[in-house]
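S.K.: Spelled out, the chains give:
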Amino acid sequence: MKRPFSSLKVIEYGENISAPYCAKLMAGLGAEVIKVENIAGGDKARINGPFPEDEPDIEKSGLFLSLNANKMGITLNLNKKKGAEIFKRLIETADVLIENNAPGYLAGLGLGYDTLKEINPRLVMVSITAFGQTGPYKDYKAYHINSCGAGGISVGVGDPKREPLTMPLSQGGYEAGANAAAAVMAALLARRKTGKGQFIDISEVEVWATTHAGQNVMTFLYRGVNGVRRGIHGGRTYPNEIFPCKDGYVCVITPQGEQWKRLIEVLGTPEWSKNPKYRDRRTITGQTTDEINALMIPWMLERTKEEIFKICQDKRVPCAPIYDISEVINHRQIKAMDFFIELDHKKAGRLKYTKGPCTFEKTDWEWQTAAPLLGQDNEQVYCERLGYSQKELAGMKKSGVI
Amino acid sequence: MQSLEGYRLLDFGTAQAGPQVAQLLADMGMEVIKIETRVKPDGVRLGHPMTGIGTGGVDESKWLDMQPVFHIMNRNKLSFTINLKHPQATEVFKRLIKISDVVLDNFSPGVMARLGLDQPHLEKINKGIISMSLSGCGESGPLKDTLVYAPLIISLGGMESMLGYYGEKQPMNLIPGYGDTNASIHGAFAILAALWHREETGEGQHISLAEAYAITNLLGEAVMDYNMNGRVPGLQGNRHPVLCPHGNYPCQGRDKWVAIAVETEEEWQNLCTALGAPEWLSNERFADKANRRKHREELDKLISAKTVNYGVYDITAILQKVNVAATPVMNCEDQYNDPHFRERGTFIEMNHPLVGKEIVYGNPMRLSEMPPEIKRIAPGLGEHNDYVLRELLGYSEQEVAELVKEQVIY
Chain L
1 MKRPFSSLKV IEYGENISAP YCAKLMAGLG AEVIKVENIA GGDKARINGP
51 FPEDEPDIEK SGLFLSLNAN KMGITLNLNK KKGAEIFKRL IETADVLIEN
101 NAPGYLAGLG LGYDTLKEIN PRLVMVSITA FGQTGPYKDY KAYHINSCGA
151 GGISVGVGDP KREPLTMPLS QGGYEAGANA AAAVMAALLA RRKTGKGQFI
201 DISEVEVWAT THAGQNVMTF LYRGVNGVRR GIHGGRTYPN EIFPCKDGYV
251 CVITPQGEQW KRLIEVLGTP EWSKNPKYRD RRTITGQTTD EINALMIPWM
301 LERTKEEIFK ICQDKRVPCA PIYDISEVIN HRQIKAMDFF IELDHKKAGR
351 LKYTKGPCTF EKTDWEWQTA APLLGQDNEQ VYCERLGYSQ KELAGMKKSG
401 VI
Chain W
403 MQSLEGYRLL DFGTAQAGPQ VAQLLADMGM EVIKIETRVK PDGVRLGHPM
453 TGIGTGGVDE SKWLDMQPVF HIMNRNKLSF TINLKHPQAT EVFKRLIKIS
503 DVVLDNFSPG VMARLGLDQP HLEKINKGII SMSLSGCGES GPLKDTLVYA
553 PLIISLGGME SMLGYYGEKQ PMNLIPGYGD TNASIHGAFA ILAALWHREE
603 TGEGQHISLA EAYAITNLLG EAVMDYNMNG RVPGLQGNRH PVLCPHGNYP
653 CQGRDKWVAI AVETEEEWQN LCTALGAPEW LSNERFADKA NRRKHREELD
703 KLISAKTVNY GVYDITAILQ KVNVAATPVM NCEDQYNDPH FRERGTFIEM
753 NHPLVGKEIV YGNPMRLSEM PPEIKRIAPG LGEHNDYVLR ELLGYSEQEV
803 AELVKEQVIY
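Protein chains in written order, with my numbering: chain L, 1 to 402; chain W, 403 to 812.
No lab work stands behind these hints: they were computed from the structure.
There could be a bad hint or two in this list.
Stretch-level coverage of chain L by chain W, calculated; a stretch enters the list once three of its residues show a Cβ under 8 Å from a Cβ in chain W [unchecked claim]: (1) 190-204; (2) 241-252; (3) 357-369.
Chain W is nowhere near these chain L residues, computed Cβ spacing over 12 Å in every case [to be verified]: (4) 84; (5) 105; (6) 113; (7) 216; (8) 229; (9) 268; (10) 274; (11) 279; (12) 286; (13) 287; (14) 383; (15) 390.
On a predicted model such as this, the values are computed, not experimentally measured, just so you know.
Glycine included, every Cβ here is placed at the ideal spot set by N, Cα and C.
Input sequences plus hints: build the corresponding full structure.
M.R.: Right, here's the structure in full:
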C-alpha cells in the first residue's frame, strides 16, 4: 500500500538525537530518508551505547539503532569541494533537509539555505540547534543538560535543597526533533499552495521554554517565581506525591475536591482525616504536606503498587505505579497494543524496537529496514542515482570525499 | 498567509494535552474552534482567577474568562458553546463537521462514540475527516479506563523511574506536565501527517495517541539496553554515559546553578584552565574520560568549590569564551529577563480586556516566510457563537435565537 509520505525525499545531515529523530518520524511514515554521515566515524550516536554486552561497536549502538531505522546511509565529506558539490546534487531533488549542526556551519561550507534554495526553491530546510539561529547565545556550545537547564525544566526536578536534575536520556533532542517534524509538515502543506519551500529555525531551549515550561513564565506576573522543584511533591494542590509502598513507589494526585474525598475513603477515613487542619487539600502546604505524608505512608507501605493502583482506580482516585522499563515493556496493556516491532540488523542481529508515538488507523508506522551500516548505501546513491562510475566511486573514496 | 490557513479544527480538548495540540496548530494559522459548553466548562476556566483581580469587584460570572493559564493554551482560537447532549445539537454538529478537517479530543475513551462523534460517525458526514483522540493508556486494552494526569503518564510510561538522584531509590516529581506536553507536540505532528496523506489521497482516518506510551517511545536507549542486555535503568541523576564532567554546579546566590558538560579533551583542558585549576590536568585520577567518569563524584566536588565563587552569568561567559558548554539553569524569572529570549521574542506581552497585562509563551516553530503569530488572546466562553452559526453554518438570526432559547447553544 502507498505510504503517506512515499512522495517525499528527505536528506538528513545530523547526529545524536534531534535531527535523526525528526527524520525518523518522516521515515516511519514512508519518506525516503538519505542519512548523510561524515567520514570521520559518522553520527556521534554510534559511539554512545548501549552496546550488546557493553562492547563498543559503531554498528551496534542501541541509541543509533533506535533512531535510524528505514533510512539509507551514505558518507560524505562536506569539507571537500567535491563533497559539497555532491551534496548540492542531492539537494536538487530533495523536498526536505534536516540538520542539527552549529548555526552557520553549513553556510560556512557554501551550503546555507540561501544557496540551496537557488538550486531547489521547493526545498524545506530545518535547522535544529540549542539556542536557535539568532540571539546573543546562538553560538553557545550546549549539550542536553545545558538546553534542559536554560529551558527552565531542570529547576523543576529534584530536592529543593539539592542540585536540580536534568531530564533523563536527552529528552530535549526528541522534543526538538518532534517539533521540527511538525514544522516541516506545516511548511510542506503550505508549499502545496505556494510552490515554495522555506527555512525553519528550531531552538531546543525554546521548545523547552514554551510548550513545556512556558506556563511558569506566564504565571510569574501573578505568583512570582514558579515551577521550582519540590522533591517528591509535584504541583501546588495537595496531593501530587510520589509515595514509597511495599514493593516500590506510586504517584497519587487529586486535583479535584471529589477525588480527594474519595482518596480519604480509600484510606479508610482514618482519624487524622477528621482534623480540620488536613480537611481541605488546598490549604495543605509546606510542613503540613510532610506531616500528612507521614500519616499516609504507613498505609502505602502495607500494600504493593499494583494493589494501590487497583484500589485507587476502582474508586476513581488518580494514581499510578512507578514502572521501570522492564515493567513497561512486559505490561499487559502494551502487549494488547502491539507496541513493538522486530527488525534484523546485519551486525546487531534481531532486536525489538518501539513502533511510534501514536497509532494511525490507515497509514500506521511501518519499519522495513534496520539502521544503515556506515556508508552502506554509497554505491546505490552515488552510482545508481547520481550516475558516478565505479571508478569514480573508488577515486572519491581514495581522496577522502566519501 | 500562514502555513495552515484554510484548515479548520474542532477542539473538544480540555485541560492541557488536547488544547495544546490545537494551540500549536492555531499559531500556524489553522482555524481552531474550541467546542465548549456552560454545562461543563473546561476545568482550566474554573475557580478563582490567579490574578486576584476577581476579588476587586469584577462580576463573578466573568471569572470563566479570566484565567491566564486558560488564555495561554487557547490563544488564537474561537469559542463556540454548544450543549453536546442536547438532541438538537446533532444537526448543528452535522453542518459543522461537514466543513471541518480535523476533530480533536482528550476525553476518556468511549465518550466521543457515545456522543456520535467518533470516526465511523464523522466519516458518514465528511469522508475525508481526520480525528485524533488523546488518552492516557490507549483506547482499548486493560488500562484503557485509567484516570490519568501528567505525572501518572510518565509513571506508567517508564520515565518517572529514572527521575531522581543517581544511586538513590526515591524518584523525584517533575514540575512541568511532560506527559501532556510531549503528547501535544507529537499530536500536532501526527495531525499534519494525516492532513498530508489526505491531500495526496483524499482519505481521512483516526489517530489514537496513548500519552503514556508516547513517553515510552522516547526511551529508545533504555528499551534497547533492556533488549540487548536485560538491564533496567534506575534513577539517572545528572550522569551521562559518556560525557564527564556533566552536572549542575552551584553559583553565587540562592538556588543559582550552572550546567556544565564536557565531551572532548580540548574542552576538558579549557575547563581546568578557565577555572584556575591546571593541577587537575596532571592528576592521574582525571587523566582520561574513563578515569574522570570513575572519579566523577570527587571531580564534581572540586568543580563545585570553584563555580560557587562566581555569578552564574559570569561563569557562563567565561566558559563559553573558551568553548566549554556552560549555561545558566534558569527559572521563569531568569527566562523572562534574559536577553536571548528577549531578542528572539520567546515570550510575548499581551493585553487581556479583563485581566490586563499577560505574558504569553511563543511558538517555537519558526518558519521563515510564515512565522507563527499570536493574533489574539483566548476567547471568552461562546464569544464566536454568532460567527460559527451565522457566517459558517448559515443559520438565520431567528434560528440562532431559537437555538439559544432552547439552550442548544449554551
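S.K.: Each hint: holds or not?
M.R.: Hint by hint, here is what the structure shows:
{"no.": "1", "hint": "190-204", "result": "holds (count 11)"}
{"no.": "2", "hint": "241-252", "result": "holds (count 6)"}
{"no.": "3", "hint": "357-369", "result": "holds (count 7)"}
{"no.": "4", "hint": "84", "result": "23 Å, holds"}
{"no.": "5", "hint": "105", "result": "14 Å, holds"}
{"no.": "6", "hint": "113", "result": "8 Å, violated"}
{"no.": "7", "hint": "216", "result": "4 Å, violated"}
{"no.": "8", "hint": "229", "result": "6 Å, violated"}
{"no.": "9", "hint": "268", "result": "20 Å, holds"}
{"no.": "10", "hint": "274", "result": "26 Å, holds"}
{"no.": "11", "hint": "279", "result": "18 Å, holds"}
{"no.": "12", "hint": "286", "result": "16 Å, holds"}
{"no.": "13", "hint": "287", "result": "18 Å, holds"}
{"no.": "14", "hint": "383", "result": "31 Å, holds"}
{"no.": "15", "hint": "390", "result": "36 Å, holds"}
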